[in-house]
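Going down the list, the sequences are from chains U and S.
Numbering-wise, the first sequence is residues 1 to 151 according to our numbering.
Numbering-wise, the second sequence is residues 152 to 302 according to our numbering.
Derived by calculation from the structure, the hints in this document are not laboratory data.
Warning: the hint list may mix true and false statements.
No farther apart than 30 Å at their CA atoms in a straight line, the calculated lysine-lysine pairs in the DSS-like style are these [said to hold, decoys possible]:
hint, chain 1, residue 1, chain 2, residue 2
1, S, 198, U, 33
2, U, 84, U, 24
3, U, 150, U, 131
4, S, 245, U, 33
5, S, 293, S, 254
6, S, 264, S, 293
7, U, 24, S, 245
8, S, 175, U, 131
9, U, 24, S, 282
10, U, 33, S, 293
11, U, 131, S, 184
12, S, 184, S, 271
13, S, 207, U, 33
14, U, 99, U, 47
15, S, 184, S, 198
16, U, 84, S, 184
17, S, 198, U, 47
18, S, 254, S, 184
19, U, 56, S, 184
20, U, 136, S, 184
21, S, 301, S, 245
22, U, 24, S, 293
23, S, 175, U, 56
24, U, 113, S, 207
25, U, 103, S, 207
26, S, 298, S, 175
27, U, 33, S, 298
28, U, 33, S, 271
29, U, 142, U, 99
30, U, 56, S, 254
31, S, 298, S, 235
32, U, 136, U, 113
33, U, 113, S, 264
34, U, 136, U, 56
35, U, 142, S, 184
36, U, 150, U, 94
37, S, 282, U, 33
38, S, 184, U, 150
39, S, 264, U, 120
There are 2 protein chains.
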Amino acid sequence: MKKVIATLVLTSFAGTVVAQQGLKPEEMIKFRKAGYSFMAWNMGKIKANLEGTYNKEQVIAAANVVAATANSGMGALFATGTEKDVGGQATRVKPEFFKEQDKVRELAMAYIKEANELQKVAATGDAAAVKVQFGKTGESCKACHDKYRKD
Amino acid sequence: MKKVIATLVLTSFAGTVVAQQGLKPEEMIKFRKAGYSFMAWNMGKIKANLEGTYNKEQVIAAANVVAATANSGMGALFATGTEKDVGGQATRVKPEFFKEQDKVRELAMAYIKEANELQKVAATGDAAAVKVQFGKTGESCKACHDKYRKD
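Extracted from the complex, chain U is given alone in its bound form (with noise of 0.2 Å):
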């Protein structure tokens, strides 16, 4: 039960709640640093153009990974069972993310609102707009690495 209401709670983030996958908790840190990691590559490249030659079409493509990431539902993959290394797979989320849900879901509620106006932005071209609004979106990032992210 205590996990049911973990999930739940951390999975209002986006909305929705995750069909029941069966996930072991060692796929769930898994599958939560893969979607960290393929965004960060997102953001890279945003980056990138931002700080090169602007390419309007790939700017959108990346934004649009981070966007839909942003709102796949991550929470689901925070249940009880992964507050630790388990099964070979490490985590960096520190304990207190799994104990102070409200200020959680503020900050992830932050990041997708953000990530969200970014893949609006990007979609207008305006290479400017987006630097501003990727700054503000990699502070929502930030927000929550420095809070609950070990380093």
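Let chain U serve as the given structure and place chain S on it in line with the hints.
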């Protein structure tokens, strides 16, 4: 020069040339594995919806990840130097993948087409149509796995 050509050819999957991020081969392998892994979670969610209670919003969110991933220009992550395990990153891509670029492009384009169609069909909320298109998308993944992925 060889690396640049390989990158250009492979990135033509997605119609974009990825900005130079100066990634190491092991970083490319890490990112491509992350992309496929996170996509697998999202394909798994669609499957769970089709086999259990269908949640339209969750399927849309998952299909958005699949399509965004397909269109993200992952071909750039298969540059020269990533044909084999490097820097602690193992790869299951067969060597032939790097030599048969016409076939690889054909499979990649088919996968992008099916993923984009899945995104469109998911938006309609028609579970029966999603089931058909989910099958086609899975087949397009499998076509490449069967030919170019080591088990």
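Going through the earlier hints one by one, which of them does the structure break, listed in rising order?
-> 14 and 17
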